[in-house]
Amino acid sequence: MARASEILFVDPSISDLETVLSNVRPGVEAILLDGRQAPAAQMAAAL
Numbered sequence: 000m001a002r003a004s005e006i007l008f009v010d011p012s013i014s015d016l017e018t019v020l021s022n023v024r025p026g027v028e029a030i031l032l033d034g035r036q037a038p039a040a041q042m043a044a045a046l
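Going by numbering that gives the first Met the number 0, the first residue of the sequence shown is number 0, and it counts up by one from there.
If you are wondering where the hints come from, they were derived from the structure by calculation, not from laboratory data.
Here a beta-carbon is modelled for each residue, glycine too, at the ideal position from N, C-alpha and C.
One thing to keep in mind: the hints can contain errors.
What the hints assert, rightly or not - Each pair of labels, with its calculated beta carbon distance range:
#	residue 1	residue 2	range
1	35	4	28 to 34 angstroms
2	6	34	14 to 20 angstroms
3	38	3	15 to 21 angstroms
4	45	12	27 to 33 angstroms
5	2	35	15 to 21 angstroms
6	44	4	25 to 31 angstroms
7	40	13	16 to 22 angstroms
8	43	18	14 to 20 angstroms
Go ahead and model the full structure; you've got the sequences and the hints to work with.
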C-alpha cells in the first residue's frame, strides 16, 4: 500500500461516521480519534 499523502483526523462523535470513512479518497489516511484522550496529543502522536 502506498504511503498516504494526507491525513484526515475524524471525531468519533460525528453523526454519520461510516459514510465519512467509506468516502475517504485514495491517498488519505483516516485516523479515528479516541474520545477518551486529548485530540491534540493523538494528532501529534500520529504525525
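Hint check:
1. 35 with 4: 28 to 34 angstroms: 29 angstroms Cβ-Cβ, so the 28 to 34 angstroms window holds.
2. 6 with 34: 14 to 20 angstroms: Holds: the Cβ-Cβ distance is about 18 angstroms, inside 14 to 20 angstroms.
3. 38 with 3: 15 to 21 angstroms: 19 angstroms, holds
4. 45 with 12: 27 to 33 angstroms: This hint is violated: roughly 18 angstroms between Cβ atoms.
5. 2 with 35: 15 to 21 angstroms: Given a distance of about 28 angstroms, which is not inside 15 to 21 angstroms, the answer is violated.
6. 44 with 4: 25 to 31 angstroms: 19 angstroms, violated
7. 40 with 13: 16 to 22 angstroms: 20 angstroms, holds
8. 43 with 18: 14 to 20 angstroms: With a Cβ separation near 27 angstroms, residue 43 and residue 18 fall outside 14 to 20 angstroms, so the hint is violated.
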